[in-house]
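Q: Sequence:
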Amino acid sequence: MFYQNFLKKLIKTFTIIFLSHLFVVSSFAAGGGGDDSKQMNVKSNYYYKAVKLINKNSYQAAIDNLLKAEKTNKKDADIYNYLGFSYRKIGNLEKASQYYNKALEISPKHKGALEYQGEMFLTQGNLEKAEANLKKLKKICYLGCKEEKMLKESIMKYNKGQKSSY
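Everything in the sequence shown is counted per this note's numbering, starting at 257 for the first residue and increasing by one.
Since the hints were made in silico from the structure, they are not lab data.
Where hints are given, some of them may not hold.
Claimed, not checked - Cut-off 25 angstroms, straight-line C-alpha distance, at most; resulting in silico cross-link-like pairs (DSS-like, lysine-lysine):
{"#": "1", "residue 1": "Lys345", "residue 2": "Lys367"}
{"#": "2", "residue 1": "Lys324", "residue 2": "Lys345"}
{"#": "3", "residue 1": "Lys330", "residue 2": "Lys358"}
{"#": "4", "residue 1": "Lys365", "residue 2": "Lys402"}
{"#": "5", "residue 1": "Lys345", "residue 2": "Lys365"}
{"#": "6", "residue 1": "Lys351", "residue 2": "Lys385"}
{"#": "7", "residue 1": "Lys413", "residue 2": "Lys402"}
{"#": "8", "residue 1": "Lys305", "residue 2": "Lys330"}
{"#": "9", "residue 1": "Lys330", "residue 2": "Lys365"}
Unchecked claim - Per label pair, the in silico range of CB-to-CB distance:
{"#": "10", "residue 1": "Lys331", "residue 2": "Lys308", "range": "15 to 25 angstroms"}
{"#": "11", "residue 1": "Asn415", "residue 2": "Lys308", "range": "27 to 37 angstroms"}
{"#": "12", "residue 1": "Leu399", "residue 2": "Ala317", "range": "30 to 40 angstroms"}
The beta carbon of each residue, even a glycine, is placed where N, CA and C say it ideally should be.
Using the sequences and the hints given, assemble the complete structure.
A: What follows is the structure in structure tokens.
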């Protein structure tokens, strides 16, 4: 009798877990809705091409692709973050700053934008602002994250008079 009740409860629990899992998976499969799929593909193609170009240090070509991606999606913080990154890498800190700010306006807890903006602050000699970004990252990444680690490492190098590799 004990085992029958135990088995019934176990089956009931697994059924609930299984159905919950199905519900969550089907919610993700439903998609975001509202976007024209053609626009989404254009953004994705340009965006992913830009990421590949960034990985090859082809920053100007990446900027060209990111600007095209931005035309189809003006609410994507990742696009603005990579625009900021690319402009920083070619030495245009004014534009880099504008795009990091835009990324953080859309997504104030964007870890990549906070880290890269912190790098830009170090390039500008503004240790205080870089440390403020590190403080934000520590709050967001309470268990730690690569962005926090990278900015912390760059601040340590900066304090030793060394240049960051990011």
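Q: Sort out whether Lys385 lies within 25 angstroms of Lys351, counting only the CA atoms.
A: holds (18 angstroms)
Q: Per the hint of 15 to 25 angstroms, is the separation of the Cβ atoms of Lys331 and Lys308 within bounds?
A: holds (23 angstroms)
Q: Does the structure keep Lys324 and Lys345 at a Cα separation of 25 angstroms or less?
A: holds (19 angstroms)
Q: Next pair to validate is Lys413 with Lys402; report whether the Cα-Cα distance is within 25 angstroms.
A: holds (16 angstroms)
Q: With the threshold set at 25 angstroms, check whether the alpha-carbon distance from Lys305 to Lys330 stays at or below it.
A: Holds - the C-alpha atoms of Lys330 and Lys305 are around 18 angstroms apart, at most 25 angstroms.
Q: For Lys365 and Lys402, compute the direct alpha-carbon distance and say whether it is at most 25 angstroms.
A: Holds. Lys365 to Lys402 sits at ~14 angstroms (cutoff 25 angstroms).
Q: Verify the proposed pairing of Lys345 with Lys365, using a straight-line Cα cut of 25 angstroms.
A: Holds - the C-alpha atoms of Lys365 and Lys345 are around 22 angstroms apart, at most 25 angstroms.
Q: Taken at face value, is the distance from the CA of Lys367 to the CA of Lys345 at most 25 angstroms?
A: Holds. Lys345 to Lys367 sits at ~18 angstroms (cutoff 25 angstroms).
Q: Mind checking the alpha carbons of Lys330 and Lys365 for me, to see if they're no more than 25 angstroms apart?
A: Holds, at roughly 18 angstroms.
Q: State, for the Cβ atoms of Asn415 and Lys308, whether the hinted interval 27 to 37 angstroms holds or is violated.
A: holds (34 angstroms)
Q: Checking one constraint from the list: CA of Lys330 to CA of Lys358, max 25 angstroms. Satisfied?
A: holds (10 angstroms)
Q: Check the following: the C-beta atoms of Leu399 and Ala317 are separated by a distance inside 30 to 40 angstroms.
A: Once the Cβ atoms are compared, 36 angstroms apart, the range 30 to 40 angstroms for Ala317 and Leu399 holds.
Of the numbered hints stated above, none is contradicted by the structure.
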